[in-house]
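Undergrad: So you can see what is in the structure, the chains are spelled out below.
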Amino acid sequence: MLVRKLFLTSNLRQFVAPILARKMSTSTDDVIFQDVGDKGVITLNRPKALNALNLSMVNKLHSKLTEWECEKSLVIIKGAGGKAFCAGGDVKSVALAGMKGEKLGHSFFKQEYKTDGLIGTYKVPYVALIDGIVMGGGVGLSVHGPYRVATERSVFAMPETQIGLFPDVGGSYFLPRLRGKLGLFLALTGYRLKGADIYKAGIATHYVDSKDLEALECDLLKCQNVNGIDTTLKRYSVKDTGEFCLEPMMKDINQWFSGGSVEDIVTNLKKNGCTFAQEIVHLLGKMSPTSMKVTMKQLECGSKMTLEECLQMEYRIAVNCLANKDFYEGVRALLIDKDQKPKWNPATLPEVSSDLVESHFAKLPEDQELRHKL
Amino acid sequence: MSQLLQNFAQGPLDYYRKQASFDWKKMKVFIDTQEGVKFQNNLYEKLQIHPEFQKNPPLETLNEKRSTATRQALAYANIVKSLTTSEITTTKKEDIILRTILQLSPSAAFKYPGTKRLFTSALQSQGTNRHHKFLQEAESGKIYGCFCMTEIGHGSDTKNLRTTATYDKDKDEFVVNTPDFQAAKCWAAGLAELATHAIVYAQLYINGDHWGLHGFVVPIRNPGTLLPYEGVILGDMGEKVGVNGADNGFLIFDKYRFPRENLLNRFADVTPKGNYVTSAADQKDVRGAILGALSIARVTVTGKSEFYGTKALTIAVRYVAVRRQFGPKNQEVSILEYQSMQYRLLPYLAAAYVVRFFSTYLDEVTQEFVKDSKKQNDPSLARRGMEIHVISAGAKPVSGWTFRDAIQECREACGGHGYLKASGIGDIRNDQDSVNTYEGENHVLIQQVSNWLLKIQNGDKVSTYLKSTDFISNASKILKTKFNASSLDEVCKVENIIDTYQWLVCYLLRETKQKFDVLKQREGSFWAKSNTQIFYCKNLSIAFVQHLFLQRMLTVIDTAPDVNIRNVLLKLFSLYGLYNIEKFLPSLFGGGYVQNYKATNLVHEAVLKLCKDLKNDAVALVDAIAPPDFVLDSILGESDGQVYQRLQTALVRSSYEENGLKCSGEAVSNIIDPRNKL
Numbered sequence: 001m002l003v004r005k006l007f008l009t010s011n012l013r014q015f016v017a018p019i020l021a022r023k024m025s026t027s028t029d030d031v032i033f034q035d036v037g038d039k040g041v042i043t044l045n046r047p048k049a050l051n052a053l054n055l056s057m058v059n060k061l062h063s064k065l066t067e068w069e070c071e072k073s074l075v076i077i078k079g080a081g082g083k084a085f086c087a088g089g090d091v092k093s094v095a096l097a098g099m100k101g102e103k104l105g106h107s108f109f110k111q112e113y114k115t116d117g118l119i120g121t122y123k124v125p126y127v128a129l130i131d132g133i134v135m136g137g138g139v140g141l142s143v144h145g146p147y148r149v150a151t152e153r154s155v156f157a158m159p160e161t162q163i164g165l166f167p168d169v170g171g172s173y174f175l176p177r178l179r180g181k182l183g184l185f186l187a188l189t190g191y192r193l194k195g196a197d198i199y200k201a202g203i204a205t206h207y208v209d210s211k212d213l214e215a216l217e218c219d220l221l222k223c224q225n226v227n228g229i230d231t232t233l234k235r236y237s238v239k240d241t242g243e244f245c246l247e248p249m250m251k252d253i254n255q256w257f258s259g260g261s262v263e264d265i266v267t268n269l270k271k272n273g274c275t276f277a278q279e280i281v282h283l284l285g286k287m288s289p290t291s292m293k294v295t296m297k298q299l300e301c302g303s304k305m306t307l308e309e310c311l312q313m314e315y316r317i318a319v320n321c322l323a324n325k326d327f328y329e330g331v332r333a334l335l336i337d338k339d340q341k342p343k344w345n346p347a348t349l350p351e352v353s354s355d356l357v358e359s360h361f362a363k364l365p366e367d368q369e370l371r372h373k374l
Numbered sequence: 001m002s003q004l005l006q007n008f009a010q011g012p013l014d015y016y017r018k019q020a021s022f023d024w025k026k027m028k029v030f031i032d033t034q035e036g037v038k039f040q041n042n043l044y045e046k047l048q049i050h051p052e053f054q055k056n057p058p059l060e061t062l063n064e065k066r067s068t069a070t071r072q073a074l075a076y077a078n079i080v081k082s083l084t085t086s087e088i089t090t091t092k093k094e095d096i097i098l099r100t101i102l103q104l105s106p107s108a109a110f111k112y113p114g115t116k117r118l119f120t121s122a123l124q125s126q127g128t129n130r131h132h133k134f135l136q137e138a139e140s141g142k143i144y145g146c147f148c149m150t151e152i153g154h155g156s157d158t159k160n161l162r163t164t165a166t167y168d169k170d171k172d173e174f175v176v177n178t179p180d181f182q183a184a185k186c187w188a189a190g191l192a193e194l195a196t197h198a199i200v201y202a203q204l205y206i207n208g209d210h211w212g213l214h215g216f217v218v219p220i221r222n223p224g225t226l227l228p229y230e231g232v233i234l235g236d237m238g239e240k241v242g243v244n245g246a247d248n249g250f251l252i253f254d255k256y257r258f259p260r261e262n263l264l265n266r267f268a269d270v271t272p273k274g275n276y277v278t279s280a281a282d283q284k285d286v287r288g289a290i291l292g293a294l295s296i297a298r299v300t301v302t303g304k305s306e307f308y309g310t311k312a313l314t315i316a317v318r319y320v321a322v323r324r325q326f327g328p329k330n331q332e333v334s335i336l337e338y339q340s341m342q343y344r345l346l347p348y349l350a351a352a353y354v355v356r357f358f359s360t361y362l363d364e365v366t367q368e369f370v371k372d373s374k375k376q377n378d379p380s381l382a383r384r385g386m387e388i389h390v391i392s393a394g395a396k397p398v399s400g401w402t403f404r405d406a407i408q409e410c411r412e413a414c415g416g417h418g419y420l421k422a423s424g425i426g427d428i429r430n431d432q433d434s435v436n437t438y439e440g441e442n443h444v445l446i447q448q449v450s451n452w453l454l455k456i457q458n459g460d461k462v463s464t465y466l467k468s469t470d471f472i473s474n475a476s477k478i479l480k481t482k483f484n485a486s487s488l489d490e491v492c493k494v495e496n497i498i499d500t501y502q503w504l505v506c507y508l509l510r511e512t513k514q515k516f517d518v519l520k521q522r523e524g525s526f527w528a529k530s531n532t533q534i535f536y537c538k539n540l541s542i543a544f545v546q547h548l549f550l551q552r553m554l555t556v557i558d559t560a561p562d563v564n565i566r567n568v569l570l571k572l573f574s575l576y577g578l579y580n581i582e583k584f585l586p587s588l589f590g591g592g593y594v595q596n597y598k599a600t601n602l603v604h605e606a607v608l609k610l611c612k613d614l615k616n617d618a619v620a621l622v623d624a625i626a627p628p629d630f631v632l633d634s635i636l637g638e639s640d641g642q643v644y645q646r647l648q649t650a651l652v653r654s655s656y657e658e659n660g661l662k663c664s665g666e667a668v669s670n671i672i673d674p675r676n677k678l
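Quick note, the sequences are listed as chains A and B, same order.
Be aware that the first sequence starts at 1, since it is given in the UniProt record's numbering, and climbs by one per residue.
Be aware that the second sequence starts at 1, since it is given in the UniProt record's numbering, and climbs by one per residue.
Just chain A, with the same shape it has in the complex:
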């Protein structure tokens, strides 16, 4: 099942009236910001939606993080409810709005990516406690910071190609920087990593026991400096000497995914024929062919770009996805009608022309670009 969940109605009020929402009691806020002296704690608070991000949340996150960057000595971010850190962006709302011709997606993605970029260059230590589900937008809120703390309950994935999207939120930056072709593999297949494997893949920097999280947070809030944070995290870290789950297949993965095109990768996999390869072929068969080709190019480019350049590129791709049909079809098939049978257009890899792929990367009109100051 895809975990980019969507809760439109219950939170509609927060789209239209974030100011009104702020006046309500903190327990119903979708993000809770706590000042603890010179430190700050952020809690993503939509547990029923597995803390999926919406425009209201990313707006608040961006403005508060900007404010805290000058005030705090440490920022911790976590998810409420114990099931998820954050299951991604609220893409159903985005798609539904888009179908009506509204531009929610444009605002949402831009603000989300800006927040990810801010975290990537954040001037004070930023600790993400990625307990439970951490996918898509949740990855964006954690992976670009210096400390990512996973637990045995963590489940990681970048599943966007399933819904006609692409691994965004800085995926073009961090994925190609994972070992070998692991990033491309995770990006194209949406393959899930769990618990200590997230740490072993290099996506988390620390691995702790979920029952210790509360105590860890408490101790972190007592830290005087970066050294203190490092030692505290080290103290709570759990050793897992087991092998990385994909280790036995890494050599094959590197070889298969070194193909020059998605078609080549599929050919490589089919040629091999082992069960694992067949499973991947089956998985890839479900994904949007356009998304896969865009993803491949995006990671290639991203491997040589800065995070900010990556996010600028991703926003262009996002705007193009919002203008194309695959994204709406993907959301319809997986999240609205739930028939699990998206009709991609183009339907096969060879039909996706290089011009179509290229067009996703074209510049946007001046006033629409996601910009960082040079």
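These are computed hints drawn from the structure, not numbers from a lab.
Glycine included, C-beta positions come from ideal geometry on N, C-alpha and C.
Among the clues, some could well be false.
Label pairs and their calculated CB-CB ranges [as the list claims (entries may be wrong)]:
id	chain 1	residue 1	chain 2	residue 2	range
1	A	355	B	139	38 to 44 Å
2	A	347	B	9	52 to 58 Å
3	B	139	A	347	37 to 43 Å
4	B	229	A	258	54 to 60 Å
5	A	273	B	83	42 to 48 Å
6	A	347	B	558	56 to 62 Å
7	B	89	A	303	26 to 32 Å
8	A	235	B	42	43 to 49 Å
Distance condition first, Cα-Cα at most 25 Å in a straight line; then the derived DMTMM-like pairs of lysine to aspartate or glutamate [claimed, not checked]:
id	chain 1	residue 1	chain 2	residue 2
9	B	455	B	387
10	B	421	A	369
11	B	81	A	252
12	A	363	B	387
13	B	421	A	366
Take the given structure of chain A and dock chain B to it, following the hints.
TA: Structure of chain B alone, referenced to chain A:
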């Protein structure tokens, strides 16, 4: 080499690529050097994925064009900084850096700090140690300079510029003032948006005495806020024919003050007490020294026209190779097979090679000169500098006019499709156009060549550092020679072409001098000079420059890596020479060098034969000098030759994007009254 350069995608251009008589990769490495190609590859790789250099949506407003160019220029500066350049020569590196940005985004090239040579070279050549801080700050990006010479009312006539700088002894400051709008500084790139400092040329006044034109470095905007200082009025030149992302502006001073030390005082200085100090004999010499020092910055302009021309030629040659039209027995043939198409494009392709080799050489000798002038104080340096100045003053117009014509021919060779914006040629034409006027208007500039040559007296033994005029020592002997080629092979020979050019230069020099002397008696030297320009001075200068181009080409051919490359370069040499000699036939007849129409026929036939011989090499010749597809950015010129596929994508996309549903007639029905008929 095969790893350094990738093969082009297969497609409709394969036919001609297979016909080529030489290996284009070898040619490219020969031109750009191995290290150069590596450097290019790194640069292209970074540019191709950089967000600022992705395809632009149609840029509508000046503001959009301006901000895009600014972003690209800054991004380019960062990319260039990030490249490691261990073994490449400075000249090659500079050539690649300038060529690439100019071919990719001419407007960004204007804004890219690395091209702000006029500002820095004015500081270097006219300033002294006390201006060193400006140089450092400009290099580190702390300040941004522009160059203000031209005024609304006066351009080439620098003596009559009217901005004034008056020394105020009490405050140890200059007061710069614009007396009226005609004296407003204008056209300077960078003035409208970016520049924090301007090199300003103004008439110097001390205690009511006039000391002539001098250069000053004037702070005009606050580097922190980019707001102009009080007393500085800045404006925008508005929309131009091309390079609209460049921020050309105008500048008016309202009794604006700046410190005395900002006078560029290499040639003349003002003491705190208000005394004028100079080592030069008179005012004319001071102005001459100032203007001479500036010509170094002009050297790169020769190459710029070729950068544009090469881009247009790449598009046109590939297009005409793919395009098929008419043919015997209903067999359509590529339009490159037609004589008229070959004659329209191939001589310009030859020019692209010839000028490219020459401008590289000019860059090299200039850098050498600048280096030598720093370390020694040799009196011969002034003569050497003069020669470079004259050659660049001639090469810039000859190159500019050649590629102006080449680009227009390319546009027409691509027919209607060439008229599409997406072909790219129209923009290239409009952007190149500016080169013919900026940094010295072509017709004014080229007079420097004839002025210099006319100083050579009959029978003088001439020997210069670059040996550009040495052959003129033998003028009397040369003028006795005759055209003696009697076969096609002989006409195409190097000796025949060089001999013909040397005769031409000597002859035109003699004729021009005689004409000038006669007219001078009658109407004085001012009008005599003006009245010898057409058919005399201008032709003389052009022939002189083309001879230099050809001499350089010969030196390059001597270093060719293999016989195939040598042969094709020799053909380009002969084609460039004979194509241009053909235009001088009236002079060749007039002076008795050729005596019958057999020579004319031979030259004509040789040009056509060379065109025909080169047509199968044309695509490969273009491949060796073409920018990569993403820089070329033309639906007609991509290296895979898939012209029609790209046309389809572009046309379908444009009617979708630009017009939306308007093709349905909805738009028209809103305009036309249904009671009337269309």
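Undergrad: Run every hint past the structure and note whether it holds.
TA: Hints versus structure:
Restraint check, residue 355 (chain A) to residue 139 (chain B): a C-beta distance of roughly 42 Å satisfies the suggested window 38 to 44 Å. The hint said 52 to 58 Å for the Cβ distance between residue 347 (chain A) and residue 9 (chain B), and at roughly 25 Å that hint is violated. For the pair residue 139 (chain B) and residue 347 (chain A), the supplied restraint of 37 to 43 Å is violated, since their beta-carbon distance comes to about 56 Å. Checked against the hint of 54 to 60 Å, the C-beta distance between residue 229 (chain B) and residue 258 (chain A) comes to roughly 59 Å, which is consistent with it.
At roughly 44 Å, the beta-carbon separation of residue 273 (chain A) and residue 83 (chain B) lies within the given 42 to 48 Å, and the hint holds. Distance hint for residue 347 (chain A) and residue 558 (chain B): a CB-CB separation of about 60 Å, consistent with the stated range 56 to 62 Å. For residue 89 (chain B) and residue 303 (chain A), the hinted distance range of 26 to 32 Å is satisfied, since their beta carbons lie about 30 Å from each other. The hinted window of 43 to 49 Å between residue 235 (chain A) and residue 42 (chain B) holds, with their beta carbons roughly 45 Å apart.
At most 25 Å may separate the alpha-carbon atoms for a hinted pair to count; residue 455 (chain B) and residue 387 (chain B) meet this at roughly 13 Å. With a CA separation close to 24 Å, the supplied pair residue 421 (chain B) and residue 369 (chain A) stays within the 25 Å bound. Proximity of residue 81 (chain B) to residue 252 (chain A) is assessed by CA-CA distance (about 38 Å); at most 25 Å being required, the pair is judged violated. Between residue 363 (chain A) and residue 387 (chain B) the CA atoms are separated by roughly 47 Å; this puts the pair beyond 25 Å, and the hint is violated.
Of the pairs offered as hints, the one joining residue 421 (chain B) and residue 366 (chain A) holds, with about 20 Å between alpha carbons and a cut-off of 25 Å not exceeded.
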